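Kindly produce the complete structure, drawing on both the sequences and the hints.
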Amino acid sequence: MAYHRITTTINGATDVVDVPSNMTLLQMLRDKLALTGTKNGCAAGECGACTVLFNGEAVNSCMVLAVEADGADIVTVEGLAHDSQLDPLQELFVSEGAVQCGFCIPGMLISARALLDRRPNPADHDIRDALSGNLCRCTGYVRIIKAVKEAAKRGHAEPA
Amino acid sequence: MADNKQSANDGGRIPDVIGESVIRLDAREKAIGATQFADDFQFGPGLLYARILRSPHPHALIKKIDVSKAKALPGVKAIVTGDETPGFIGLYLQDRHIFCRDRARYVGDPVAGVAAVDEETAEKALELIEVEYEPLPGVFDPEFGVGPDAPLLHPDLGQYEVVNFVFPKPGTNISNHFKIRRGDADLAWAQCAAIVEKKYRVPHIQHVPIEPHVAVAKWDEGDNITLWGSSQSPFAQRNLIAKALGLSQSKIQVIAPVVGGGFGSKAGVSMEALAVVIAKAVKGRPVKLRLTREEEFFTTFVRQGLVAHFKMGCDKEGRLLAMENTYYWDAGAYTEYGVNMTRAGGYSGTGPYDVPNVKVDSICVYTNHPVGGPMRGFGMPELHSGLEQCVDDLAHHIGIDPVEFRQLNCIRGGDTVATGMTMHPIGLPECIDRVAKDIGWGKKSQPSAPNKRRGKGIAMMWKAPAMPPNAGSSAQITLSEDGTVTVALGGQEIGQGTFTVMAQMAAAALGVPYDWVKVATPVDTKYSPYEWQTVASRLTWSMGNAVVAAAKDARQQILDLAAEAWDEDPDNLDIVNGNVISYKTEESMPLKNMVIYGLPNPKGDGWIGKPVLGRGSFMPTYVTGLDAETGQGPRAVVHYTTGAQAVEVEVDMDTGRVEVLRAAAAFDMGKAINPEMVKAQMEGGLVQGISTALFEALKLKNGVVTNPSFVDYRIATTADVPHELFSEIVEVPQDDGPWGARGIGEHSMVPTIPAVANAIFDAVGIRMESPPYSSEKVYLAMMDAGIVK
Ligand code: FES
Ligand code: FES
Chain A
1 MAYHRITTTI NGATDVVDVP SNMTLLQMLR DKLALTGTKN GCAAGECGAC
51 TVLFNGEAVN SCMVLAVEAD GADIVTVEGL AHDSQLDPLQ ELFVSEGAVQ
101 CGFCIPGMLI SARALLDRRP NPADHDIRDA LSGNLCRCTG YVRIIKAVKE
151 AAKRGHAEPA
Chain B
1 MADNKQSAND GGRIPDVIGE SVIRLDAREK AIGATQFADD FQFGPGLLYA
51 RILRSPHPHA LIKKIDVSKA KALPGVKAIV TGDETPGFIG LYLQDRHIFC
101 RDRARYVGDP VAGVAAVDEE TAEKALELIE VEYEPLPGVF DPEFGVGPDA
151 PLLHPDLGQY EVVNFVFPKP GTNISNHFKI RRGDADLAWA QCAAIVEKKY
201 RVPHIQHVPI EPHVAVAKWD EGDNITLWGS SQSPFAQRNL IAKALGLSQS
251 KIQVIAPVVG GGFGSKAGVS MEALAVVIAK AVKGRPVKLR LTREEEFFTT
301 FVRQGLVAHF KMGCDKEGRL LAMENTYYWD AGAYTEYGVN MTRAGGYSGT
351 GPYDVPNVKV DSICVYTNHP VGGPMRGFGM PELHSGLEQC VDDLAHHIGI
401 DPVEFRQLNC IRGGDTVATG MTMHPIGLPE CIDRVAKDIG WGKKSQPSAP
451 NKRRGKGIAM MWKAPAMPPN AGSSAQITLS EDGTVTVALG GQEIGQGTFT
501 VMAQMAAAAL GVPYDWVKVA TPVDTKYSPY EWQTVASRLT WSMGNAVVAA
551 AKDARQQILD LAAEAWDEDP DNLDIVNGNV ISYKTEESMP LKNMVIYGLP
601 NPKGDGWIGK PVLGRGSFMP TYVTGLDAET GQGPRAVVHY TTGAQAVEVE
651 VDMDTGRVEV LRAAAAFDMG KAINPEMVKA QMEGGLVQGI STALFEALKL
701 KNGVVTNPSF VDYRIATTAD VPHELFSEIV EVPQDDGPWG ARGIGEHSMV
751 PTIPAVANAI FDAVGIRMES PPYSSEKVYL AMMDAGIVK
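So the sequence lines, in the order shown, correspond to chains A and B.
Heads up: the first sequence begins at 1 in the numbering used here, then just goes up one per residue.
Heads up: the second sequence begins at 1 in the numbering used here, then just goes up one per residue.
Honestly, the hints are just simulated from the structure, not real lab data.
No experiment lies behind these values; they were computed from the predicted model shown.
We put the beta carbon where it would ideally sit given N, CA and C, even for glycine.
Any given hint could be a false lead.
[Stated by the list, open to error] Counterexamples of contact, computed for chain A against chain B with all Cβ distances above 10 Å:
id : residue
1  : THR9
2  : LYS39
3  : GLU68
4  : ASP70
5  : ASP117
6  : ASN134
7  : ARG154
[To be verified] Here chain A is said to cover these stretches of chain B; the calculated rule only asks that three of the stretch's residues, wherever they fall, bring their Cβ under 8 Å from a Cβ of chain A:
id : region
8  : 100-113
9  : 252-264
10 : 618-626
[What the hints assert, rightly or not] Derived Cβ-Cβ restraints for the label pairs, each shown as a range:
id : chain 1 : residue 1 : chain 2 : residue 2 : range
11 : A       : GLY12     : B       : MET783    : 25 to 35 Å
12 : A       : ASP18     : B       : LEU152    : 56 to 66 Å
13 : B       : VAL576    : A       : GLN85     : 29 to 39 Å
14 : A       : ALA81     : B       : GLN159    : 27 to 37 Å
15 : A       : ASP18     : B       : GLN159    : 53 to 63 Å
16 : B       : GLU29     : A       : ALA44     : 24 to 34 Å
17 : A       : GLN85     : B       : ASP415    : 52 to 62 Å
18 : A       : SER84     : B       : TYR583    : 40 to 50 Å
19 : A       : MET63     : B       : GLU629    : 34 to 44 Å
20 : B       : PRO151    : A       : ALA81     : 35 to 45 Å
Have a look at this one:
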């Protein structure tokens, strides 16, 4: 198996990692770097549990090869908070009761973050569209949608 | 039962934290990605990976297995087959081997297991294992399965070990037959002014937890086994695996971190024992078995299919006179767990109705389909699906509004249910009223486009915890030097919020702030107190009683100590907000230190007290057996949770697409310990119910699941959530529940399928034999009915 040395920035820190050519970004994060916040729900690009920000875009990390992350800027759920100050989305997921088993939540949060970065004032259907690739079996999405709405409102009231 | 009533030491006052929507204690950790699920544990470079070779045949004899080529593959560490697993395993009926031996009974039945240095190597090894099968004819329909032409799937049924409330019929494919005979249904039909008779089917579905099953097992040289896994049932797994392997339960330690969605699929033993048996072949090294999403769809548990025949009649005033319901459960290759779904479907087989003449037959049938197991609702969503449609039809026949018809006939506190048990006080009539009001019952609203039609539908439900009569719970309370509290328990957090509710109860019963309470995690059978299983929506009630008892025990120890120090009667003392106070002298002292070190002896030298350790347990003792021929007995179950849902749908006449526009749910959970979390259960259950009504079915073709992926098996997404939702809490207290509480988790998806079906009928006047009510099926049904051309 051929190995490649790649340089990526993960959650703000730049790292050099040796990865086999068939390793996915998800495997690299979880198995090589022990960043287990990003989840594996299907390994087939169908559930969204593995969503990370890849140069600012929400992508399914199980569908990206680790070597493709050479030179990229990656943000995982572990990188959403800054100096133990939670992202408003994280705060609102907690306070709105949007978290049940929590397995889908890292991917959900990342997709929501990508949405708010792109569109700070999303309509209801924007939120539903942006999260439609993130499956959740517990919550019925009701409070997740509400939390994203509230986070958008808050983002507007006090721009960071 | 007085001991369990929470009014005992607080004069009936309900503490503030009970009924308060505190923030879930696990939410923050989950939202920052720090929570460790089973797949997140690190085992270092010694970890081996397992893969399973599965039968490609729905029914076949296994003639020969040759593993020599696979064994020779570099990186392969061990291969095991059914030769290693002569013992039987199963919760209620021990009808399966961990790896199948002479016979495979479903596509996916584990035939061999490989441990290798990585998953890829293990996968390659599977291809090198040579198995010679002799395919046999199969059973793919439960009604065929009970007939004379069906091949016999379990010739040894008569020899299997079985609990005393399940009745297998050796020499047939029937592993349980539950009957109710009450009154005389045959005579009653003549007095009916209207009768509805109809057959409905419910397809197999899968639980689809977003976290797939994962288990890591290690077997050491001293034959001590450690099993880490995503599990709703660490204690049941310890017990069942020990029995199957002929070991003492004390040899097995199950460590179970929080579960990433269970819905029943991670109850009992589904795939965990495979990892244990493989680990035995590589002693000392941990072995990880992680199911792929494809395997998840058909190799663990699925929700069993149902073929149901209903007949029901009422008099001209609309009073139900008789019901005759026959349920054929398509229970799959092994029914070790399914037999009890059949039993639950039997004793609750009338739905929540007051009917004098009843005949119910609930029949558990072996088929060559995936293994039926517990799923949210435990048989109730399936049987209510057709039953609540027949009730609607009957109401229409006799000319009574469906809501009114249900008010007239629904079971009420004090009524005798079909098994002979007297119903405890319940709020079902109020639940019906509330959802009818929320949905605007009786008012037609305008469709959003000319090619669309709208309709409203209602359905109600009941469900009792289905479990052995003596399923127990236990809990322990310890305190730290600063007075903060740790609750040790054996029930599992599977997303439902039980750890939070237990912390609220402990805080309330002990007298400390909620945020002083932690739960000892992960659940570990070596250190955590016993809990039967996290199923049946039984924890709030059963484990809650245990936690409250433990907290009261600790509280009493603290009060006794303070009383001795202050020379007072403990009855004059209380613990409020983490301080012991005296109502008489108004003295006060913090819990800190005294709960560990005791207090200086007020009478001189030395100390009084000792570290506080509260213990509590609970087990229902009053459930009785039921007559095998009539299903009659004084108390079939511990209690029933009841409720109703109503929905408004819009049907697109051009495509057949059904959209649920708004929905209302009302359930009587006795007391909502955390109202927002209760509502979150109602929302999640409703959307899961909508998903099963509109999208979900395992497509089975000669025993093969042809849609085992998220692309081909669609579940609800954000796009499918109704834009308006009502979640209503009705509280008629449970006499032996903590502060009156009983369960709500599963109930929230029970009436959804028939509510949607009744709304579709209201909109376009069609009924379909089975869900899911996909666009295609609805469109074709409208064509058949001549509504569209
Ligand atoms: S794990 Fe990547 S989409 Fe499911
Ligand atoms: S919270 Fe469990 S899958 Fe979303």
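Each hint tested on the structure:
1. THR9: Answer for A:THR9: holds, closest chain B Cβ roughly 18 Å.
2. LYS39: 7 Å, violated
3. GLU68: 20 Å, holds
4. ASP70: At roughly 23 Å from the nearest Cβ of chain B, A:ASP70 sits farther out than 10 Å, so the non-interface label holds.
5. ASP117: With a cut-off of 10 Å, A:ASP117 remains clear of chain B, as the shortest Cβ separation is near 18 Å.
6. ASN134: Given that some Cβ of chain B is not farther than 10 Å from that of A:ASN134, nearest at about 8 Å, it is violated.
7. ARG154: 15 Å, holds
8. 100-113: violated (count 0)
9. 252-264: holds (count 6)
10. 618-626: With 0 residues close enough to chain A, the hint is violated.
11. A:GLY12 <-> B:MET783: 25 to 35 Å: Given a distance of about 59 Å, which is not inside 25 to 35 Å, the answer is violated.
12. A:ASP18 <-> B:LEU152: 56 to 66 Å: Cβ of A:ASP18 to Cβ of B:LEU152: about 57 Å, so the range 56 to 66 Å holds.
13. B:VAL576 <-> A:GLN85: 29 to 39 Å: 34 Å, holds
14. A:ALA81 <-> B:GLN159: 27 to 37 Å: 59 Å, violated
15. A:ASP18 <-> B:GLN159: 53 to 63 Å: At roughly 57 Å between Cβ atoms, B:GLN159 and A:ASP18 fall inside 53 to 63 Å, so the hint holds.
16. B:GLU29 <-> A:ALA44: 24 to 34 Å: 28 Å, holds
17. A:GLN85 <-> B:ASP415: 52 to 62 Å: About 57 Å separates the Cβ atoms of A:GLN85 and B:ASP415, which means 52 to 62 Å holds.
18. A:SER84 <-> B:TYR583: 40 to 50 Å: 42 Å Cβ-Cβ, so the 40 to 50 Å window holds.
19. A:MET63 <-> B:GLU629: 34 to 44 Å: Taking Cβ atoms as reference, A:MET63 and B:GLU629 lie about 58 Å apart, which means the hint is violated.
20. B:PRO151 <-> A:ALA81: 35 to 45 Å: Taking Cβ atoms as reference, B:PRO151 and A:ALA81 lie about 60 Å apart, which means the hint is violated.
The structure is inconsistent with the numbered hints 2, 6, 8, 10, 11, 14, 19 and 20, although it conforms to all the rest.
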